[in-house]
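**Student:** Sequence:
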Amino acid sequence: MKLCRFELKSDPGVVRSGMVYSGKIYETDGAEAIGVHEAADVRPLAPVPTPPSIRIFRSDLGEDELGFYYVNPGAVIGPSQIVNLPDIESEFVVRSYLAATIGGGGYQVNDEEAEAVLLGLTLVNIVTAKTIEDSERRNGFGIGRSHDFGIAVGPVLTTPDDLDDVMVMTKNGILYKLECSIKVNQVERASAHFEEFAISMIDAVQFASQTGTLRPGDIFCVGPIFDDEDCKVSANDEFQFTMERLGTLALKINEQS
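Read in order, the letters of the sequence shown are residues 1 to 257 in the numbering used here.
Honestly, the hints are just simulated from the structure, not real lab data. The beta carbon of each residue, even a glycine, is placed where N, CA and C say it ideally should be. Be aware that one or more of the hints could be misleading.
Pairs of lysine to any residue, SDA-like flavour, derived with a Cα cap of 25 angstroms [to be verified]:
id, residue 1, residue 2
1, Lys183, Asn84
2, Lys2, Ile77
3, Lys232, Glu179
4, Lys2, His193
5, Lys232, Ile143
6, Lys130, Lys252
7, Lys232, Ala75
8, Lys9, Ser22
9, Lys252, Pro86
10, Lys252, Arg5
11, Lys2, Phe194
12, Lys130, Ser59
13, Lys183, Asn254
14, Lys232, Glu91
15, Lys177, Val166
16, Lys2, Asp161
17, Lys232, Phe141
The calculated label-pair distances, taken between Cβ atoms and stated as ranges, are [what the hints assert, rightly or not]:
id, residue 1, residue 2, range
18, Asp162, Asp11, 22 to 32 angstroms
19, Gly103, Tyr70, 19 to 29 angstroms
20, Asp111, Gln186, 36 to 46 angstroms
21, Thr131, Asp162, 33 to 43 angstroms
22, Glu255, Thr28, 33 to 43 angstroms
Generate the whole structure from the sequences, applying the supplied hints.
**Tutor:** Here it is as structure tokens:
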């Protein structure tokens, strides 16, 4: 099942929810369908609008070195939105992640409990100012301002049962056999296979719960999937991250404000 939040172009400002099926959007009231809309008639919103927290698990640490940092939930935007670059001298990249959100909470959960609270998978793009990031790391501040102005989430939230046929059991836990790619201005920059990454979402949820209480709506990101060199962007670029079965998450880079 592919869950979504959206507004009608003919009725902006009214947030609706539903599911995507066969190219149409079925609006629901939480229990039953109350309307059917064409994709061209809606504007998608972030499927998780106000997550209590966003944890970034670095995929380059290896299977025995789980670790994460937090980014600002207030920077979340929806699909196909415009990101205004800050007025600073910096190289900018868009880092792409496979993400999961949970529907329940808990503290020090085991693997079975972590799997039970897993609500769905989605995509995340984080616009990053590399010059600020380098300064943050060099001065020991940790990640902050460099990730603070554009975290795109979407386009939908795909429930785990919808991915049973591409689920693979590896030595690192449950992963998904999914191909993905990025494009800048419609030109493909890179592609990858997500099952090659060493972190499972269940492990990420379980690991995070060992030191902090989980909240419904928390987002867990694994990545970045692509090298920074392939992810460079500048003003007026359009960036697209596509993962099979999960959709395409696009954003537009605007002039520096």
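**Student:** None of the hints should be skipped; say for each whether it holds.
**Tutor:** Now the hints, each set against the structure:
1. Lys183 with Asn84: Holds, because 19 angstroms separates the two Cα atoms, which is no more than 25 angstroms.
2. Lys2 with Ile77: holds, 19 angstroms
3. Lys232 with Glu179: Since the Cα atoms of Lys232 and Glu179 sit roughly 21 angstroms apart, the hinted pair holds (cutoff 25 angstroms).
4. Lys2 with His193: holds, 21 angstroms
5. Lys232 with Ile143: The hint holds at about 19 angstroms.
6. Lys130 with Lys252: holds, 18 angstroms
7. Lys232 with Ala75: Given pair Lys232, Ala75 holds - Cα atoms ~20 angstroms apart, limit 25 angstroms.
8. Lys9 with Ser22: OK: Lys9 and Ser22 at ~20 angstroms, within 25 angstroms.
9. Lys252 with Pro86: holds, 14 angstroms
10. Lys252 with Arg5: With a Cα-Cα distance of about 20 angstroms, the restraint between Lys252 and Arg5 holds, given a limit of 25 angstroms.
11. Lys2 with Phe194: Given that 25 angstroms is the threshold and the Cα spacing comes to 19 angstroms, the pair holds.
12. Lys130 with Ser59: holds, 18 angstroms
13. Lys183 with Asn254: holds, 17 angstroms
14. Lys232 with Glu91: holds, 7 angstroms
15. Lys177 with Val166: holds, 5 angstroms
16. Lys2 with Asp161: holds, 10 angstroms
17. Lys232 with Phe141: Given that 25 angstroms is the threshold and the Cα spacing comes to 24 angstroms, the pair holds.
18. Asp162 with Asp11: 22 to 32 angstroms: Check passed, 29 angstroms falls within 22 to 32 angstroms.
19. Gly103 with Tyr70: 19 to 29 angstroms: holds, 20 angstroms
20. Asp111 with Gln186: 36 to 46 angstroms: holds, 41 angstroms
21. Thr131 with Asp162: 33 to 43 angstroms: Once the Cβ atoms are compared, 40 angstroms apart, the range 33 to 43 angstroms for Asp162 and Thr131 holds.
22. Glu255 with Thr28: 33 to 43 angstroms: holds, 39 angstroms
Checked against the numbered hints given earlier, the structure satisfies every one of them.
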